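Enquirer: Bring the two chains, given one by one in their own frames, into a single complex with the hints.
Take a look at the letters that make up each chain.
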Amino acid sequence: MDNLQTYLYISAILFSLGLYGVITRRNGIAVLMGVELILNSANINFVAFARFGGMNFSGQVFALFVIIMAAAEAAVALAIIINVFNNLDTVNIDDARELKL
Amino acid sequence: MTGDMLINYALGILFFPLISFIVLIFVGKRLPRQGDIIGIGTIILTLILSLAMFGSMLLSHDPGFRHEASFTWMDLGDFEIRLGFLIDNITIIMLLVVSLISTMTHIFSTKYMEGDIRYSRYFAYLGLFTFSMNGIVLANNLVSLYIFWELVGVSSYLLIGHWFEKDSAADASKKAFLTNRVGDIGFFIGLMLVFTALGTFNYAEVFEGVAKGAMSGTLLTLAGIGLFMGAVGKSSQFPLHIWLPDAMEGPTPVSALMHAATMVAAGVYLSVRLFPLFTPEALLFIAYIGGFTAIFAATIAITQNDIKKVLAYSTISQLGYMILAVGTGAYVAGFFHLVTHAMFKACLFYGSGSVIHAMHHALHNLKDHDTDPQDMRNMGGFKSKMPITYWTMLVATLAISGVPLFSGFLSKDAILAGTLSFASHHPQHFLLPVFGFSAALITAFYMFRLIFMTFHNQPKLPNVYSDIHESPKPMVFPLILLSSLSVFIFYTLPYFNPLSDHGWFMELIKAKDSMVPGSPSAHDIAEGMHHSHTLTMILSILVASLGILLSWSVYIKNSVSADTWSKRLDLYYNLSLNKYYFDENYNKYLYQPFLRLANRVSYIDWDLYDKYFINGFGHITKWLSIVTGRTDYDGLDQTIVDGIGRSMGKVGSSLKEIQTGRLQNYMLFALFGVIIIIIFQSF
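Residue numbers (the numbering used here), protein chains in the order written: chain A, 465 to 565; chain B, 5 to 687.
Do not rely on the hints blindly, as some may be mistaken.
[What the hints assert, rightly or not] Using C-beta positions, here's what the derived DEER-type ranges look like:
no.	chain 1	residue 1	chain 2	residue 2	range
1	B	Asn669	A	Ser522	33 to 39 Å
2	B	Phe684	A	Thr470	49 to 55 Å
3	B	Asn669	A	Phe549	20 to 26 Å
4	A	Asn520	B	Asn669	41 to 47 Å
5	A	Ser522	B	Lys654	51 to 57 Å
6	A	Ser522	B	Gly647	57 to 63 Å
7	B	Phe673	A	Phe516	56 to 62 Å
8	A	Phe521	B	Asn669	37 to 43 Å
9	A	Ser522	B	Phe673	47 to 53 Å
Calculated directly from the structure, the hints in this document are not laboratory data. These numbers come from a predicted model, not from an experiment. Every residue, glycine too, gets a C-beta built ideally from N, C-alpha and C.
So here's chain B without its partners, still in its complex pose (with noise of 0.2 Å):
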């Protein structure tokens, strides 16, 4: 396929969800079934082409392809916008992703959303997120990156509230919006610093003005920790990982595709994209806020009982794993954890979306609606009642835990043999690998504890546990083939090794060096992943197999209590069950205090400035214009001009005195007007 038909697709892809965005939000409610049928179609054609992309990709299997087409945005002078596309493997898989998803999304939501009041406009709102993430992908400049990024904080936000006439729901879409705005002022922040130091916002130019040394530094370092301040908010990174389990408000299939799959994916590709340009300090920086994230997050995860809590906090531990593979340099390891956890995550969720539903519709039979159909302490021994959901789910959590045969191993393998072969260079950071193994542990804890509570054990509510059916077709089909997805061979073809993560993804994404001066080259990278690939390997099965048997020996066994450990540990478990208290504590020190500043500046503004300041010229022009109409009206107007009238009219009527209408009067003083003239002739 030559470059102009793959720009010609990549532009059909970017647009058809926009297009149907544009139908549905206008005419949506009165077409057919409120118009769904456009959102899929629209997304189904997207899908094909990125197939069509695809495909082409593994034909030429040419990992070095790019191919880029622009146009003049701006211009001004010496100031020139070019926007346009930037299409490599990177892209293709991307795009692949996306659109796999958003489908599988909107034939889930077909009968997830059935009898939704806003029915349509969710579907519209799906097609704006489609558009603004595959816009996201396919940005060749930080610009149009840049516009995209806020597209796709709007539909988050607009998604999250779908369900607005919820407090709960509200409040989560605005705290996603303005956690995500926290990060975002930090990318802005390193656009300009890049704009202003290289002049350009290319990709290709930026990497290039940073290869020639144009940017070198602390500027460097804070221009890279700028930009990755934007996917520290969208992927929901430590401090700003407060958004994304209050994100959990909006629709379920929602949350697979953007808070699992691909929305907060969306801070790990602009960190894979930017890779060449962020100097070591930066990505050390990188590094540690992602490690960081993957083990606080996984310790939340493991008191949690909302069952989409869970997967929320394990969403947040896993973007750490593939930013901390960003930091150690092992980006493509990081991208292709992206790509694995998409699907085995959205897996997940859909699962978590069919277990509700089942949950809300037995709930909603016996009429009460108390109980919350999402906690799982009122799940268990599902298994036999959903056996779909049951083993697609089971699946991809072997696939999130690591263990080997499916896709996660390979991918979390690649990470963490990067993190200890970063270590084995830089002893002193050797917290970094201990970070990715302990949360890989507490990773398939938590996970089988899910699936445990779930579906296994005795139903803990019987009477609505016998209402409980398996989800219509359109809501296990997507299950059925993202479980699928999580296998190993789908990743590893044309070799069949389910050990190793050498396929065709690898080859057809190859490390490119970082651009900055002095850092350690792609090669050296892979070298020491490959030298540390064993014994990672051995203790990533280690670790993972002790989560699952402690899972298990908890739950299923109870030889060990939960409970008698929580009490033991009563200090942690009230921590971690709090979310060690970052909203409280954030509400405390950091919007209470800003309130009372936004308060007492309110109180200078309104009732110093405005009471005294603004209201006093009103006052006294209220009072000039007092008197000057005074002035105007009883002196000017009715002293001169009224005075004039009257002083005419006095005039007049004294003057009416002589017309007495007799004609001798008239003669009489015709006379004496003679006699006086004569008397004056004569003189």
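Pulled out of the complex, with its shape left as it was, chain A reads as follows (with noise of 0.2 Å):
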């Protein structure tokens, strides 16, 4: 369990966790839950890679930046569905539709 390839399938794991989530919830947090899962599939990317590749630290770098990029984005996004929810009553990303023609 000491080799990149297993941190890779996690990682990959994760990620196809997230994008199903993203894709087919309707639930505003749930698809922000999902963005998350994917962020950090690419947080142990990174760092994965940082620790086998044979490379400085950068990586893990890397992953902090990625971490508060996430909280900012998480933080906003909440606000939109905060927002959406006092327009609208509800969460159902289906029903956000205004502007289609």
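Expert: Written out as structure tokens, the structure reads:
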């Protein structure tokens, strides 16, 4: 369990789960959770490649940046979802289609 | 007076009346008195200038005087036309005649035309006429002669049709213009023949060419007859005489100016001017036309009852005399008769105008609009009511009848002497003096018939008669002046012999030799005339007194009844009364066939050519354009142009379905895309 392959499998599973959540879920918050999973799968990739790829710490540093970005993103996205809820009384993203002709 | 001075005078004489025309035609109606002052003022200026020229001619007393000035009008390499003035004694005398009669007409018209609706236009046209007539007289070449010739025709057309509301006047003006055109075609042919053969239009150069023999024989005869055809039309000679009697539809002063004294004399003037180029054959033709016209018109004049118609036929007959004189070589006598005739015939026309004016007013006061004011059968006994008109007309009548002491005697005598001498040299042409003398007899008869029927006897319509008055001063003045000018003394000064035409006129106008080789010289002709002078004088006095006596016994003494004789000579009387049915026969044998031909041609043109050929093209084009339109619209536009648009629309709207607006769908598509890319990458 001390090889790159294992981490990449875990990361791929995590990414697929997150993508599945983003595509299939109707609840906006669940979609956000899917996005978090995708981001974290990417983080695992960064850290794994940094550990086994013979690099210095730039992978870890990039993972930290991603975490920070994800926090900011979550804040903005949650604000949007709260606004959607205030306007439509739902967080179902299929109902938020006012801009469609 | 120097030549250049004369040219300046001539320019003034030519253009003053034109100025009057231009001013009156544009602003005449807005001027005080409708601008007749301008017309009269300019014509009097013209008269003064002509008198000055005349005076200088008398003072210098040079029969050979001639002065010419010209300028280049058209210069196209070899083809050059020069226009200009020729001033000699004939020109100066003609200018004086034209401006004198024109002035009299202007003065006469101020009263005669008073209150006319187109008063100022009438004076404008008189100006146009005077301008063009002076142009004819001054021309030194055939081109400007032709131009002014046509201008005279136009002004004649305008003035005859002055009262164009009347159908008869409108028809008469058309008839005059078209009949003149027939003669003018001959004129133009002659003009072109001369130019083709000699390459010049200038009189002097043409005569020089003829003298050198550059143009001779049949060609020259034809050219001469062609040019003479212009004179036949304008001077109303047989067979184109039909327009002049109808032209009496115009106002009477116009008849006096144009259709008695000046315009119709233009044809005679032309023949006099071009005399040197006529060949003996052409001259014979001219003589017969003139002689026949003289007797022919006189026989019509006998039976006419319209006072102006009598004078019109008398004019035709007198013009025939002048043409006859040209034809027999005595062209100076013809020109002399032109001048004397202008005076007494204008006087007679003014007299008839004065009578018609009086009749018209009397009838107007009686509210009678059916009685013809020009019919002599409605007159009679006017002598005591209109003494001045009577006496002046009597003087003019004596002059035209050829009674000694009056001008007509001198000029007619000269013409008759010319014919007699011509016949004594060519006995086979004995008809010419016969024509001349019998026309003189008939002239004396019908002119006194006019005087007797109008002024003598008992009044035919007493209620009209009681209202007849002498005409006002402006109408009487021309009568007095012109009748005085019918006395012999004005033409024979400084001599006082009433039986001889020897005087300033004959001294200043000397006959020139004909330029055609082989023609009798002017000297021979004069010699012959001199020999037959005494015989002519006796004969002409005889026929004149015979005519007057006959007229007196028929219309005053009633010893010979006109009615009985007209019944006895029924056939002839009807022929003469109906003018030998010339109008009817022209209508039947010329106009109607021509109209039928025109109809036939128009049928071919319209019903066949236009309808089938031209319209056929239209139909084919229309059909073709419908087909093209269908192809373009239905085929090209609908399927290709619009079809592309529509199919694009369809593709667009089907592609639109992909855009669901659902974010997750887009992501799914993106995922598929990535998967596809990965699959392709791995192979």
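Enquirer: Starting from the hint list further up, note which numbers the structure goes against and sort them upward.
Expert: As far as the earlier hints go, 2, 7, 9 are violated by this structure, in ascending order.
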